[in-house]
Amino acid sequence: MFEELGEKLDSAVSKIKGYGTLTEDNIGDVLREVRLALLEADVNYKVVKEFTNNVKEKALGEEVKKSLKPDEVFLKILKDELLELLGTDEIKIETKHNPNMLMLVGLQGSGKTTTIGKLANFLRKKYNKKPLLVAADIYRPAAIDQLKTIGKTLNIPVFEEGKKNPVEIVKDSVKYAQENKLDYILVDTAGRLQIDEKLMDELKNINEAVKMHEVLLVLDAMIGQDAINVINGFNDKLPLTGVILTKLDGDTRGGVALSARHLTNVPIKFVGVSEKLDGLELFDAERMTQRILGMGDMMGLIEKAEGIMNEEESLDAFKKMKKGKYDLEDFLKQFNQIKKLGPMENLIKMLPGAKKMGLTNIQIDPKDMARLEAIVLSMTPEERRNPDIIKASRKERIAKGCGQNVQAVNKLLTQFEQSKKMMKMMSNGNMKLPF
Amino acid sequence: MGFFSKLKEKFSKKEVFKDDKQKDRYDKGLEKTRKEFSDKLNKLNKKYQKVNPEYFEELEEMLIMSDIGVNTVINFMDRLVDRVKKEKIEDPELLREVIVDELFIIYVNNEVLTNKINYSEEGPTVLLFVGVNGVGKTTTIAKIAKQEKDKKKKVLLVAGDTFRAGAIEQLKEWGDRLKVDVVTSEENSDPASVVYKGIEKAKNEKYDVVLVDTAGRLQNKLNLMKELEKINKVIVNLIGHEVNETLLVIDATTGQNGISQAKAFKEITNVTGIVLTKLDGTAKGGIVLAIKEDVNIPVKFIGLGEKPEDLEYFDIEKYIYGLFKEMM
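Those sequence lines, one after another, are chains A and B. Position 385 (the first sequence) corresponds to 385 in this note's numbering; numbering is contiguous. Position 283 (the second sequence) corresponds to 283 in this note's numbering; numbering is contiguous.
For the record, the hints were derived by calculation from the structure and aren't laboratory data. Note that the Cβ used here is the ideal one computed from N, Cα and C, for glycine as well.
Heads up, simulated PhoX-like pairs for lysine-lysine below, C-alpha to C-alpha not over 25 Å straight-line:
1. A/K367 <-> B/K226
2. B/K230 <-> A/K367
3. A/K367 <-> B/K233
4. A/K46 <-> B/K46
5. B/K172 <-> A/K148
6. B/K266 <-> A/K367
7. B/K263 <-> A/K8
8. A/K49 <-> B/K40
9. A/K421 <-> A/K391
10. A/K152 <-> B/K172
11. A/K198 <-> B/K307
12. A/K49 <-> B/K46
13. B/K47 <-> A/K46
14. B/K21 <-> A/K198
15. A/K49 <-> B/K50
16. A/K46 <-> B/K40
17. B/K43 <-> A/K49
18. A/K276 <-> B/K226
19. A/K164 <-> B/K307
20. B/K172 <-> A/K164
21. B/K151 <-> B/K116
22. A/K46 <-> B/K43
23. A/K163 <-> B/K307
24. A/K49 <-> B/K47
25. A/K163 <-> B/K146
26. A/K163 <-> B/K179
Calculated from the model, a selection of chain B residues having no Cβ within reach of chain A, i.e. all distances over 10 Å:
27. K50
28. E90
29. V98
30. G123
31. S193
32. I239
33. P298
Far from chain B, some chain A residues (derived; all Cβ distances over 10 Å):
34. S11
35. K15
36. A59
37. K66
38. S67
39. N98
40. P157
The task is simple: from the sequences and hints, build the whole structure.
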């Protein structure tokens with residue numbers, strides 16, 4: 001996400017470097033680029049206008065004139081203004097009630113049903129809540145089946161009563177939750193247009209029957225200039241407590257993120273970043289800004305790793321490394337942990353400076369990773385523990401076992417030796433970084 | 001005579017629409033789009049007695065707000081400013097016709113466009129539906145299945161979305177409702193294999209039209225795009241010619257990302273047309289102009305509502321009529 005926007009803003013900033021100083025005359029070109037970059041990212045037209053005016057005013061201020069590095073000051077101005085747009089309020093989600101009531105609403109196809117699974121998973125993990133999924137989409141064929149499948153995958157209960165009136169279903173679900181000591185109710189509703197009076201009234205009725213603590217609008221990040229009408233349309237009918245942006249893992253430029261908060265005052269609470277059921281993150285304006293401007297998102301990376309990496313296993317591997325006993329079994333374990341972090345592309349993009357190194361457009365075929373894994377899996381446990389014994393005939397057998405050639409096996413073994421050496425150096429503390 | 005005046009004449013004779021019912025559907029479906037656009041244009045023309053730079057700036061804003069695409073709008077504005085200079089137009093009222101004219105030129109670009117399905121003369125006609133997640137592929141298939149069935153065609157649905165939870169059930173339920181056969185497989189199985197099974201069945205049992213559903217995929221997911229390439233190959237091998245129609249389904253609320261979707265899917269498959277869905281809700285759908293200009297894929301169908309008959313063959317004349325009705 002945001003790559004193109006980031007690149008274009010980058011090119012605008014580097015223009016200033018060429019100018020040396022910013023003047024009333026030359027700032028026009030720079031601002032034009034900023035403006036186009038934002039418009040192409042689907043940022044709302046009015047927001048773009050305001051944004052460029054603010055940036056212009058600040059950029060022509062005293063500070064920039066005095067500065068020897070006007071491009072850096074300009075970048076700082078961009079960052080501050082972006083942050084301002086995204087809103088700096090702390091993102092909170094209601095968890096103190098018993099049960100907590102939450103409802104997801106949105107247009108057709110915005111990703112409500114998938115998101116509700118992710119959200120339940122998130123609440124269970126982060127707040128230790130016992131969620132209940134409620135199937136109140138009685139219109140779309142197989143919507144209930146879809147929710148049931150998700151519930152089964154996550155091992156989270158699903159409440160459904162077929163095609164009964166949604167208001168009744170939701171009321172009954174509260175009783176069910178209380179009886180079964182479930183403390184977080186998440187209601188999946190049918191997709192609807194914000195101008196559909198009848199269906200909008202249905203949402204209003206649900207909300208009036210059971211006072212919802214959270215009403216979250218699920219919005220596809222690929223939405224264009226209509227975003228504002230959609231948010232306002234829903235918000236007028238029932239007060240939204242937040243927005244969830246989905247499909248941010250596409251190559252969308254996500255301009256809606258920059259306009260929504262500013263124009264509607266409804267905060268973005270979550271962003272969906274992968275199709276997997278753990279692909280939902282709390283929205284963080286600071287980090288989002290840094291990502292847009294290519295400053296990396298180390299916090300996000302660390303948080304992701306913390307959620308998945310098994311501390312004991314990592315420590316174990318580290319100890320082995322120190323003793324020089326790190327073997328292919330550990331390699332395989334770590335490999336699997338990294339795999340759990342999600343697509344490599346996403347991880348690389350979070351590294352600071354990834355954009356400058358041209359890493360953001362890297363595409364990694366998951367099959368390549370699977371091929372590496374297959375090689376290790378075709379070895380006997382003994383070979384994995386003691387790779388030195390792998391000679392020509394063993395290599396041939398392994399190659400046959402995983403359906404690849406001997407060169408591929410050789411390549412993996414070399415890679416393993418190299419990483420082992422590097423780890424040893426690092427753990428001995430005499431690692432000299434190449435930069 | 002400009003396009004606009006021709007159109008005006010044509011509509012006054014009412015020869016464009018089959019019947020009043022069809023005209024109503026266009027009228028109603030595009031109501032929101034039209035309201036936004038022509039209301040604003042009317043206001044703009046009232047505000048400015050003379051065409052000046054502020055007028056152009058506001059017009060540009062209007063077009064960008066319709067998601068027409070930044071580059072398309074900028075080129076359009078350049079041409080418009082040129083024409084205004086050359087033809088010495090001062091009255092904004094006169095500019096209306098020029099605006100509609102220029103928009104039409106973007107879309108048509110001197111080509112003969114067809115919105116008809118390219119049916120096979122022999123063997124089944126295969127329609128492949130592709131697109132990102134949540135655009136309405138399955139619903140579109142159901143609508144087209146109904147229309148083809150009403151034409152007395154023997155229709156087969158293939159549930160090629162084996163990934164999304166509930167997708168197979170969704171298509172099955174449509175099959176039950178429409179009384180149309182559906183070929184399915186287990187969830188999470190290889191989609192290419194169910195497609196193979198479906199096309200084989202269609203050939204052996206002499207189905208006329210095969211509608212192939214696929215999983216929604218974001219265009220930057222390499223492995224999913226490869227999977228689509230494989231599905232495409234399987235069909236081509238079995239029927240011995242290009243897939244009759246590969247229809248890219250796009251949500252009308254989509255912004256600039258629509259251009260990137262069209263480019264990416266066209267690279268992998270032979271996209272022959274676009275189905276623009278959910279046009280009844282959005283104020284926009286302008287992205288189709290940018291897609292036509294940038295990627296040269298025409299729109300074949302538009303979805304104007306939830307009922308099967310609300311899926312219409314796209315007709316640029318009717319579309320522009322829907323947009324500018326109040327101005328005629």
